[in-house]
Amino acid sequence: MPLEVQIEKRLPEFTLDVTFTCGDEPLSVLGPSGAGKTMLLRCIAGLERARRGRVALGSRVLFDSSKSVHLRPRDRRVGMLFQHFALFPNKTVGENVAFGLQKLPRHEQQQRVTALLERTRIIGVESRYPRQISGGEQQRAALARALAIDPEALLLDEPLSALDTHLRSQMETQLQETFAAYRRPALLVTHNIEEAYRLGERMLVLSRGRVAAFGGKDEIFRRPPSLEVARLTGCKNFSRARMISIGMVEAVDWGCQLRVAHELAAAVTHLGIRAHEIDFVEMNSGAPQENVFPCRLVRSSETPFRVTLYLSLRQSGGATSENSSFDLQAEVTKETFRRIRERPLPWLIQLRPGSIFLLPDESSQQS
Amino acid sequence: MPLTALVVYAAPSVPIDWSPLRISLETSVVATVVTFVAGMATAVWRQRRTGFVSALVDGICLLPLVLPPTVVGFFLLLLFGRNGPLGKLLMRFGATVVFSWPATVIAAAVVAFPLMYLSARAALEQVDSRFFEAARTLGASEWRVFHAVALPLAWPGVLAGTILSFARALGEFGATLMLAGDIPGRTATIPIAIYFAVESDDIQHALTWSAADVAISLALLGGLYYWTHARGRGRWDRR
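Just so you know, the sequences run in chain order A and B.
First residue of the first sequence? That's 5 in our numbering, and the numbers climb one at a time after it.
First residue of the second sequence? That's 11 in our numbering, and the numbers climb one at a time after it.
There's no promise every hint is true.
[Unchecked claim] Among chain B residues calculated to face chain A with C-beta under 7 angstroms, some are:
#1 R140
#2 F141
#3 E143
#4 R146
#5 T147
#6 G149
#7 L161
#8 P162
#9 P166
[Unchecked claim] Label-pair restraints from in silico Cβ distances:
#10 Q87/A - A65/B: 29 to 37 angstroms
#11 E122/A - G69/B: 23 to 31 angstroms
#12 V67/B - S37/A: 35 to 43 angstroms
#13 I70/B - G220/A: 55 to 63 angstroms
#14 A105/B - Q115/A: 52 to 60 angstroms
#15 D68/A - G69/B: 20 to 28 angstroms
Derived from the structure by calculation, the hints contain no laboratory data.
Glycine is no exception: its CB is placed at the ideal position from the N, C-alpha and C atoms.
Modelling step: build the complete structure from the supplied sequences, incorporating the hints.
This is the structure in structure tokens:
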């Protein structure tokens with residue numbers, strides 16, 4: 005049963021205006037903090053009332069402003085996992101999970117609780133209070149509690165943000181398993197790009213209350229529809245773009261001309277390339293190469309396994325070469341970095357035409 | 011020690027009429043129950059509201075706290091008197107409130123109400139509203155949200171408010187005298203008995219009742235401290 009959402013709600017800073025449909029698969033909602041993600045979930049759960057719109061689960065209408073339908077949260081059968089789990093502190097884990105099962109007879113409640121706790125893989129904490137268990141266990145308990153009402157849709161508000169880093173990947177696997185077994189609409193709100201990509205099948209990018217992109221996650225990451233979406237999906241390198249001829253474009257901010265693979269539409273104002281798509285190539289490697297430029301290393305920053313290189317395309321040299329401004333960020337493995345370091349200066353980078361995004365800047369057009 | 015001495019000194023030579031103690035306790039218990047229900051209901055109603063109406067309600071709810079009890083008693087007299095709107099209504103059912111035992115309850119409840127309301131409101135406001143929302147998404151009715159989630163989580167503050175209300179009801183004098191008068195065995199509570207004992211130079215009775223009042227209040231306030239501080243919030247709050 006698909007979840008159809010069309011919501012318009014005025015917020016202090018902008019209007020939340022979102023339309024999408026979520027089938028029986030997880031949809032990740034990605035956006036920066038304050039983009040309206042949590043408000044969207046609250047409207048679907050019925051905790052907030054939208055000014056206009058319609059929310060339906062298959063044929064079941066949860067909200068319809070034109071018909072004055074606004075089901076109470078308790079009648080919606082929409083499971084919600086709150087950001088900090090909101091487990092009742094005065095109830096044991098078992099009582100928390102059983103909270104939504106009140107209408108069932110006692111022994112049946114007990115069976116369901118045991119099954120749910122097994123399903124979310126927490127054993128032996130049933131009679132403990134939320135304060136007495138770990139963050140990961142709290143998350144699992146909250147998930148079990150939300151699943152207990154056999155919800156027709158599942159809403160998860162930043163489910164991993166309250167957890168320590170080492171627990172995250174573990175809980176991510178747990179969520180993936182849960183989604184695989186759930187097979188109903190599930191919305192997962194996050195501001196973490198990797199989480200959004202790994203957990204959702206499809207993706208909705210939200211920015212200041214608007215849908216900036218909606219579709220298959222690979223499609224959105226491969227060809228972001230706008231400058232904003234490219235930025236929100238983690239693209240680091242942007243330049244203003246000016247068309248020179250068909251297939252050729254000037255990257256104004258980088259001071260170079262680039263051959264591009266895609267047609268240049270009139271709306272395109274910027275171009276971009278992801279940090280890990282920048283290739284370091286060797287000189288004299290045979291055939292003439294497209295979009296190869298010498299560069300200068302301004303500085304670098306290391307994480308345990310990868311290195312980010314801040315590069316300048318301007319070979320100004322001399323006194324101004326200490327200038328710390330950079331044009332591009334490239335991300336390589338430490339292994340690659342060791343190889344590049346052996347090469348003579350200047351290093352050569354290639355911005356492959358197929359990797360270059362051509363982007364309209366929708367936000368500036370609107371304002 | 012001084013307290014015991016006081017009681018021993020005050021022990022009357024003539025058989026004492028214990029009715030003021032009974033009336034005071036009965037009145038305070040019933041008034042506290044009424045105040046608890048009314049105060050909790052108002053606090054819950056007020057919970058998610060802002061704006062002029064709720065501010066006005068707030069003001070009215072707190073009035074008995076700041077007005078002299080005689081003024082409260084006078085208003086109640088106007089309300090429940092022969093020509094008062096509520097008095098007339100009750101007359102139709104053949105009931106009069108003024109100078110009857112229920113009047114002591116009404117006076118005590120009205121005067122104790124602000125304490126219950128303030129404590130309950132503060133206690134409910136301190137509970138994270140996400141607990142209520144989680145309960146609602148899990149299919150709970152508003153009544154269940156209240157008794158299974160809100161009340162237990164707000165309990166220490168609610169308990170404090172209840173005990174303060176009881177203590178205030180026990181000490182109520184002005185409004186009670188105005189509305190219920192001093193009818194021995196029916197409306198004469200401990201404070202009223204003390205007032206008239208002093209007025210008629212009956213120091214022994216005045217001392218006896220004063221000592222009783224001090225003892226009860228002390229026990230209540232000590233109990234309040236024990237319940238809310240020394241004993242801790244509850245087993246779920248411990249690690």
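Results of checking the hints against the structure:
1. R140: Holds, about 4 angstroms.
2. F141: holds, 6 angstroms
3. E143: Interface hint status for E143/B: holds (5 angstroms vs cutoff 7 angstroms).
4. R146: holds, 4 angstroms
5. T147: holds, 5 angstroms
6. G149: Result: holds, 5 angstroms to nearest chain A Cβ.
7. L161: violated, 10 angstroms
8. P162: holds, 5 angstroms
9. P166: violated, 11 angstroms
10. Q87/A - A65/B: 29 to 37 angstroms: The hinted range 29 to 37 angstroms holds for Q87/A and A65/B, with Cβ atoms some 31 angstroms apart.
11. E122/A - G69/B: 23 to 31 angstroms: At 55 angstroms between Cβs, range violated.
12. V67/B - S37/A: 35 to 43 angstroms: At roughly 36 angstroms between Cβ atoms, S37/A and V67/B fall inside 35 to 43 angstroms, so the hint holds.
13. I70/B - G220/A: 55 to 63 angstroms: The hint (55 to 63 angstroms, Cβ to Cβ) holds, given that I70/B and G220/A are roughly 59 angstroms apart.
14. A105/B - Q115/A: 52 to 60 angstroms: Because 55 angstroms falls inside the window, the suggested range holds.
15. D68/A - G69/B: 20 to 28 angstroms: At roughly 39 angstroms between Cβ atoms, G69/B and D68/A fall outside 20 to 28 angstroms, so the hint is violated.
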